[in-house]
Every structure is written in structure tokens, then in C-alpha cells.
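Chemist: Chains as they are written, first to last, in our numbering: chain A, 1 to 799; chain P, 1 to 171; chain B, 1 to 288.
Hints are not guaranteed to be accurate.
[Said to hold, decoys possible] Quick list of simulated restraints, FRET-style, between CB atoms:
1) P75/A / T26/P: 44 to 54 Å
2) P129/A / A211/B: 20 to 30 Å
3) D675/A / R61/B: 50 to 60 Å
4) P587/A / L15/P: 48 to 58 Å
5) K78/A / R61/B: 35 to 45 Å
6) K32/A / T26/P: 19 to 29 Å
7) A211/B / N133/P: 35 to 45 Å
8) E65/B / N133/P: 24 to 34 Å
[To be verified] Listed below are the simulated DSS-like cross-link pairs for lysine-lysine, each with C-alpha atoms no more than 27 Å apart in a straight line:
9) K116/A / K40/B
10) K45/B / K116/A
11) K72/A / K259/A
Everything labelled a hint here was simulated from the structure, so no lab data went into it.
Heads up, the beta-carbon is just placed ideally off N, CA and C, and yes, glycines get one too.
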Amino acid sequence: MSDNHSVIGRSVPRIDGPEKVTGAAKYTGDLKFPNMLYGKILTSPHAHARILSIDTSEAERLPGVKAVITHKDVPTLKYGLSPARWDESIFCSDKVRFVGDKVAAVACLDEDTCYKALKLIKVEYEVLPAALDFLHAMDEGQPQVHEEYARNINTEIHQEFGDVEKALAEAHHVRTDTFVGQRTYQSPIEPHSAISMWDAEKLTIYSSTQSPHYFQHYIAREFDMPMGDVRIIKPYLGGGFGGKLEPTGLEFAGAVLAKLTGRPVRTFYDRAEMFAHNRGRHAQYMEITTGVDKNGKILAAKANFLMDGGAYTSLGIASAYYAGALLPLTYEFDNYQFDMFRVYTNLPACGAQRGHGAPQPKYAFESHLDNVAADLGIDPMDIRIINARRPNTVTPNDFRVNSCKIKECLERVRVMSDWDEKKKNLPLGRGIGVATGSFVTGAGYPIYRTDLPHAAAFIKVCEDGTAATLYTGSVDIGQGSDTVLCQMAAEAMGYRYEQMKIVAADTEITPLDFGAYASRQTYMSGAAVKQAGEEVKRQILEMASVMLGLPADDLECDDGQIFSKSRNVKSLSFEEVARKHFVLRGPLLGRGSYTPPKLGGSFKGAAVGTSPAYSFGAQVGEVAIDEETGEITVVGIWDVHDCGKVINPRLLHGQVHGALYMGMGEAVWEEVLFDDKGRIKNAELANYRLLTAVDMPPITSEVVDSYEPSGPWGVKEVGEGATNPTLGMFSNAIFDAMGVRVNSLPLSYEKVWRALKEKREREEIAKREDAQRGLAPQVPVPLETVPLESEEPVYANPS
Amino acid sequence: MAQAITDKDGVKRYLITLNVNGDAHTILVKGNAILTNVLRDQLDLTGTKKGCELGDCGSCTVLLDGKPVDSCLVLAVEADGRQITTIEGVMENGRLDAIQQSMINHAAVQCGYCTPGMVLSAKALLTRNPHPNEQEVREAISGNLCRCTGYVHIVEAVLATAQGRVTPDDH
Amino acid sequence: MYVPDFEYHAPNTVAEACAILAELGDRATVLAGGTDVLHKMKVGKLAPEHLVSLKNLDELREIREEPGRVVIGALASHNQIYTSQLLQRRYLSLPMAAHTMASNQICNLGTVGGNIVNGVPSADLPPILIALDASIRLTSAKGERTMPLEDFFWGSAQTRMEPGEILTEISIPDQQTTGSTYLKFGLRRSGALAVAAAAVSVQVSGDTLHAVRIVLASAAPTVLRVADAERSLIGRRIDDELLAEAGQFAAQASRPRDSIRGSAEYRKNLVGVLTKRALKKAIDEGHA
């Protein structure tokens, strides 16, 4: 492989940088149209209640209110993101299933009037008992969230590969641990909004969406329209992290309000409503059993999980499968069993958050693996290296892994973090932990069943060749795909990045792309872009061949210059050749598309987790614990990733930093808390505790030299995979520092303090008993700690 | 106090002058109009973002008489007659400010939604303290939440600006 | 979000403000920095008919030295306190406490007066001000009165402020303290409310503790001075045992409740730890 690239591999500045630093970049909520109205959705104050009546008359009489709609005014077709379980309605008609469920909507002249009008809609409810505890949602006699799903079971998975029981029976050591992961929320800084407008029978929606294509598909389906009559335009997007992948209700309600009023309608969620809509990470109960040989080599693993789905499916079926599917990636073992129930509760629906399904199981598995290593007296780094997956292998659940440098990542992070020294010398209260992660580079199959390509791209070269525009349906949610794809286009064309423009994404102008989820765009959108760029280059070389009188295969185009590979003749500029092409042959266009190969096995659920390539990474973190308060100071974090060929190093490391930031928050600080009525207690950013700049430790991010043979120029994913090791890494660092294991996320200061206190108390007792018996002290047992629940009015600002 | 005008429905509006980025805008606002909304909806200065509307995220940061404040916690009437700098006023003579250029060059921008507030907080810091240390930079931007970057490149960009190196070595 | 409608007033003098408030009584809320009042109005916890803005009362922004005391105008912002050279020279613990409060943006808006009259037990400035024996001046159409800040709070969000009154100034008397400090425990390092906090001031000579004040935040329904603990420490030799005992006293006296930031048990523990550490710091300061 040649590393002789002009455009890729360089930290070029972001294509959208100037617009974003000057405030010129327009996000959906910044757009204004003549005659535009503002719309808001009325949501349920109850976790579970029957709707007895809705009276909108008073709201309709309020000056400035232009329309009020309820379930009677909208299509009744149920929708969702996972086709196997369409279970959401635009508005509830019979009952509401969580605090925040959608009941009605208004369109008004201004925002203030919307809030006032919502208060005037009178909804009479019969409050029903609610299923709020997912651990008991399947029990007899629990309230039924959906009548059609008995025992509140939304998804049930039972998979076995190899012979787990036999392997466990033959193992030198078998251990079981249980862990609990908390519900977290993506919390993009930009709130969701949508602007809907009609032109006769054609519907246009501007939306802060991660996938214009899925939006277009689902909205056309809901309103029984041809897809061609639905146009989705994605302006700049202020972060998504999985939370903006699916219809939010804003675009359905907005479309109906726009139709009724004949005016554009901007619908939006404020911060508390975003938390209520949610679709964040599922809370999860995770029991892990492994059997190892005397060297710590894993022989078999069993994962027995239970997931809190909330009131609707969202993308939760995939989340449930992902939770188990990605576990056998970083370590090699042949025998694997995965059992999962995803249950409905009367809480906001959970969905796909960065690292989809994988971070919490990884936390459980990585914590468990350290416990196993401690049992056997093996260094945590060594047990991971012993088990590290090798390239060109197949997982027990039939995922083909091509490039894989997890072992190199571990070896490098060991050196970078000064692991061996620290492991020996850190005092009590200081600790160091390691964990690994892996993630798909795009999903092998679409979310709904279709044979459409996963990505497509056009390139249009300007008539005089001084610019080229990339048209793509991919979505830059902040990760930098617009920049990276322009680099890839320029590289493939033999052009300059600085002359690239991009249009992304507008379903009427840009070709299909499934959008920003499952870490797919650099690889999949990139493959389509590369093909389009190569088509442009081929035409350029053919034209230049005519102009120079040399065979096309003797010509090369690089950095905007066309030259002969063998002869010393004057080179031509891309501009003059492109212009000549336009004059003689018409528009200079390139087209590309990408469809993944058939992937995966044939068992039930085999598709989820398939991917043409997998990223790998290892992280080490060092913490200092204040023994008296449990306060955790993060001393440093080191991350080494195998993410294939790097297109833009600065953007890539930015992805690692951001993934680490989210993982770090989830590890210790973030949690969505509910009261006993199913209401969120901390639906604002201060009390949800997004970390600030002063909370962040020094972060060192490196990559290992890697090339993925199936990807364009050898690329793989990075954006989500880097979230996966972090939770387990923190758990292990705290374990190393204090010798206590907190078995539930977040690993809060209080839980650490409590675990230490209980350890001291146990040791006191043991010491007293030993003094009587004359025995050595016992090894402390891991603890389960309980999340806090209580009532208090919350004021965000202390003044 | 600002002159008040009452309409036929009894709604009172106040005639105020906001000096935004050097331009004096004399406008009518209701008493409960929030500065963020007035800047965005009445003056079309949408670079000032709405993130949480409660002073938690800093997306709506503007400089009020040179000091960063959350404009979501300021009534427009309270800003009557005061000097306001929004992100649209940071460029001078069509040229990016050094902090803006540095943010671009260091890849300190991802989704960009926190960026206007971040630029203004950093700008205010560098104006009052041209040579901050890393802790001072972190404190100065701690009221600006960023969900994308872990602040790593942002802190780098601000420090580099103070040191006159808006272009990193790896460029 | 939106702010409910209200009638807006912006008097030009304290007297004018008092007259308006006297007329409106409890139908009016005073607006200072706005970080709390507007927050509460947005989340639906407050909907006054009238807002009386103090923005034109520039005389209340002053921080000045007078014979026998330092006077802080009630409208001084947290950042004004943080950056005041006078306060940094005289009572560094106060600017440092102001600095722990919130983000830069909030500290530029929020005022010391607002932080006090709000009356919440997690407020950062009252504990250190009480440790420094501060008193406050309340002004109304009826006249003026002063009281020790310590006496101002009597319950969660409950103060001795009467309708029609404005907090105009805070005054810190010259004193014999050799050191003071405010230690706050938050769940992140910026913009976090105190899970628990302790302010102390000490008067040390040699290795004897001659006087001490211990004031706790987020430890009871109101900011809490632990006078019993103070009395038991006075006149004693300073050693680790004394510090540990002080922590225990403070923890015992505290009455925190379970909250989303921590269980009562955890917060009680924090009170003890913070008191012990704050005392140590304040004592060491005096020795330095």
C-alpha cells in the first residue's frame, strides 16, 4: 500500500470552520421563513394514565393561536425506528405511557403564546399504576405498558455459539459477576427542532436529523405519500450522538400543523422536553460468567442481560442485540451464550447513544475480567494481551474481522501510560486501570429492510474547473464528515481540498445516504465518494490524453496537476482540462455508490453487529481517590486506537476526545434520575452534570499504524468505539486504587465512599475475629451499591 | 426608565436601545422579553444560540459591557443602553479574530453549537488577561459546555492564541 | 421556555424603589442579577405581578473601606467580589468563595445581595460572611435596620426580610481573626451546588485556638452556625485530635437530608471532613 497521498492523512482545517466560528452557520432553530408559526407539543404529566377527554376549546380561543391538534387530526398509523416493533403514535389516543408522551400540539404566532396555549388544553386523565422498575417489569401483576406485549417483554434474545456448559465445566476457574448500568442521555447542546412547510402536495421539512433518508422514508410512510414528495433538508446540526436519529414527533406534528394553517411551522423541544423525549442509553442489568484456563485464557463466556427499554421501542431491538453481539470482539473465545430481555416500562424510551448498546456490557465485562485477573494473580494488562483478538479471524457469532491491532494498542498504551511502573509504585488511593473496546464501521444492514445502496455521492466540477462540489446525503453532526469526505473526494480526483465545496444533505438535491449512525460515514459514504472522485479523474485523464496526445494510462492527476508518468512534458492544470471537458463533452460529473457485501451468519439476529470492518482500541486511566469523601480526580487518560488509515488526524483525535468525554461522564457523573412518579428529577444540564473544562484531565490519544483492506484507502471507524472502553477503565482504575469494586454505574463519589466505608467496617470485623482466631485478613468481596433516590427542589444556579 | 407604550389590549412595550456590535438598535420589547430571543428573533443575530435557557450551557453567551454573561438570564429591558458584543461582532473589517482562526486551525470546533459562546468567553479572557495559564483558560470557559470535544483542542486553541501561534505544528 | 408576563419597574433611587415596593407589597419581586429570579420564573416557580429592577442603583455596587469595617453594596456581582483588590487584601476567603460559586457568565450577573436574600442553604457567600461576623442593612419606606447576617435566616428559603424591604449593604467589621476559609464539596469542579460546605474563621496565637466560627452550608434547612462545637474548641491546644473532634461536632450538629446530590448520611460525613479540613487550612494560614 502506498502512503503517497496529497490530501488525505493531513489535518486540513474543517470546511465549515469559518461559518461556525463567526456564528454564520445556521442550525434548524436559526431559520426563519415568511409567515412562519411556532409549534409546541403538549406532553403527559403522568407516567401511565388513560386519556378520558381532551378539551382544546379554551386554547383555541387564545389570541395568537392558529391551530390545535390532537390524535383526531393526525394519521393513526403507528411508527418507530425498528420495523419489527412500530409502537408509537403521533399523539396518544387511549393512554399515555410516560411523563412526556405526546398528547396534542399547537401552532401560534410566537413562542410565548405556545407555552400559554399548552396550559389551556384540558386533558382529563385516569391515572393508572405504572411500571417504573425494569428489574420487576416482567413480574406477574405488573402494569402492562402495551396490552399486546405480555409481561412487558419488548425483545427476547437467546443465542448460543459453541458449547458453553462444556467449556465452563472444563475451565480452571469460573467466575460470575453482576453489574448495573444507568440510564444516560445524549445531551447534544442543540435542542431538536423541525420546520415543516407544504407546497401543494409536497412536504418540505428542515430538521436537526442524523439521517435525512430515514426521516424521508418514515414521514412518507406515515402520511402515505410518495417518497419523492417528501423533501428533508438538514441544516447544520449541533450534535446528535444517536439522539437525533429517529422521528421525534416534532416533524409529524409540525407537518400536520403546517398543512392545517397553510404556513411554515417551526416546532421545537426545550431542554426539559429533550430529556423527556430522551432515547438515551438503556439502563441495564448485566450478569457475566466466564471460564478461563490457568493462564487466564478465556474459554467461554455467558452474558445474561436485562434492559430497561422505556415506553417504546425506538432503536431498542438493535440496542438489545448489540449489547451482546459486540462482546466477543476484542477477545478471542469460541463458546459464547447471550440471553437478553428488553422490557417496557413507563419511562421515556431508550435508544441508540454513542457506542450503541456496547459501553455498559463492556464496563461489565472489563470489570469482570479484572476480577478474574485478580483471582488468578495476573496483571490486568497481561490477561488482555493473552486474550487479544488476532487479525483475519471470525467471532463465535460469525463476524469476520479483517484488520485488528488490539494487541498492538495494548502494548503501546502500556508504554505510554507507564503502566508497569505505576502498577508497582502507585500508593494507596492512586490507581490505574485498563480496558479495551471495539465497534462496527457501519452497520452491515439498513434499519428498515431495503436493497438500496447504503451510500451514494455525486461530484460536480465547476465549468471552469476552479471548484468541485460534493453532493452527499451524509450528515456532519459535528464529527467532521463534510471535511473528511471532501478530502477523500479531492484525493480521488487528484484535486485540491481547498477548492472543494459540499452540499449535504437535502434529499431533493443530494443522493441517498443512510446518515450518521453506527460510525459509518468515513468508510461507507467515503467509499461512494471515492468512486465518484475516481470517475471524475478518469474523465479528466481521458480529456487530458486528447489534449496532450498521450495515452490516458500514461497520465496521472495529483494536487490539481495532470502530468505524464513517463515523459517530461509540460503538465496541464486540472482547471484547464476540466474547462475543456465542459466545452467539448458537457458537464463533468462523478457518481459513486456503496453497498456492503453480504455479512454475518444465519441465526436469529445474526445481522446486528455485522460490519465490513471493526475498530479496536485500548485505554488506560489513572485516578486519585480522596478516601474521606470518595472524590475521584482523574490524573490522566491514554488512548490508543486501531482505526485504519487516518484521513484527518486532528479530527480523528477530536473524536477520541469527545468519546472519552462522554464515556467519562457516564462512568462517574451522569445519570438520568426519576422520582417515584416517573418524572425526571434532573432534566437540566447542571444537575445532569455534563462535565466542564475544569473537570477534564490531560488526555493523550494515539493511533497504531493500521490498514483495513476492505475500506477506502484502508479506513475504519473511530467516533463511537472510543466510548466503549472508558466505563470499564474507570471501574478498574478505582478498583486498583482502593481495592473496592463498585458494581453499578455511575461510579459516583458517594458510591466509592460507601464502598470504602463498608470495606473498612468489614476489615475491622475481620481483624477482631482474626485476633480471636489468629488468622490472616480476608480478601474483600466486591460490593453492590444502591443508586440514590430522594426528593429535593433543584435550583441550578446558586445565586 | 425606558419609555413605555401600551397597546389597545393593555400590553405594555418598552422602547429600548441596544448597542449591539457597535450598532444602535432602537426597538420595542415586552418586559418579559429575554435578551437571547430579542437578539435572535428581532435583530436576526442567530449566532447567539439557545441551548438550555437556564444559564447552564453558555451557548447564549454575549459580552455585556465587555463581560461574558448568559443572555438567557438577562431581560432585554435590563440591557437598555448597554454595549453588547455578539459572535457576529468578533470579526473586524471582515477578518477573523486570532481566537477564531486558532479555533479553526486546532480543530477546536466540532458541531459548532457551543462555538460562538466559547469564542466570546475566550475573547473576554484574552482581553483581560493576554497570557493566561491553562487553569485560567479552563476556568474562563467552564461556563460553556461542549458535548463534542472534551475541550482538549479548545484549550489548546486558546493557549496557542495567547502565545501568538494560531497555526499548530501538524498543519 | 418563557418568562410569565409582569409589570416592570426600574426606579432610579433606593428611596424610589422603597416607595414602589411599599405600594406593591408582596405582589412585587425585586430583580437584581436575575440569575435566580429569571431561572425560577422560567421553570414556573415564580410568577410575580411586578418586577422591581435595581439596575439603576449604581451606589449599591460599591465595595469600600470605612473606619472599623468593609462595606459591600448588595448589588456587587460575584466577580466584582472575586476581583476586588480590597477584599483580596482584607478577607481573601470571601473572594475565593465567590469564585467557587458558578460559571464566569453567572458570576458576572449574580449579586451578593441576591445570593443572601434567596435564602437557600446551598448559597456560597452567607457561610463565609457569617464566619466573618458580617451584618446586613435592610432598607424600606419605613426606614433602615441592620442585623447580624447570622440572624437573617430561619428556614429553607425563609428569611427575616419583610415585604417592602431591600437588602442594601453587607458590612464586615474589623476583627481579630488570623485565618478564614470556605471549603465546598461539589460534584463537579465548576457550576456545581454544594453537596456540603464549611466556612470557618479562627483566631490563633501560638498553638492555642482563641476564637473560632464554624458555619455550614447545604447541611441543614438553613445555613448553620455550629456554636456548641465552637465553644468546646475555644482555648484548646491545636492538634489533630482537636480537628477531628471539631469535624465530629459539626457533623453531629448538621441536619442534611437526602437529595439528588447525596444521601443525608454521605452529606453528614462530608460536613465533618470539610470542617476538619477548613479549620486546618485557616489555622495554617494564621501560622504562615
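Chemist: Against this structure, judge whether each hint is valid.
Modeler: Results of checking the hints against the structure:
Range check, P75/A to T26/P: Cβ separation about 48 Å, and the 44 to 54 Å hint holds. Look at P129/A against A211/B: about 59 Å separates their beta carbons, and that is not inside 20 to 30 Å. Checked against the hint of 50 to 60 Å, the C-beta distance between D675/A and R61/B comes to roughly 41 Å, which is inconsistent with it. Between P587/A and L15/P, the C-beta spacing of about 55 Å keeps the proposed range 48 to 58 Å intact.
Between K78/A and R61/B the C-beta distance comes to about 59 Å, which lies outside the given range of 35 to 45 Å. A C-beta distance of roughly 21 Å is found between K32/A and T26/P, which places it inside the suggested range of 19 to 29 Å. At roughly 37 Å, the beta-carbon separation of A211/B and N133/P lies within the given 35 to 45 Å, and the hint holds. About 31 Å separates the C-beta atoms of E65/B and N133/P, a value consistent with the hinted range of 24 to 34 Å.
For a cut-off of 27 Å, the pair hint linking K116/A to K40/B stands: about 17 Å separates their Cα positions. Proposed proximity of K45/B and K116/A is supported: the alpha carbons are some 15 Å apart, at most 27 Å. Distance check on the hinted pair: K72/A and K259/A sit about 15 Å apart at the alpha-carbon level, within 27 Å; holds.
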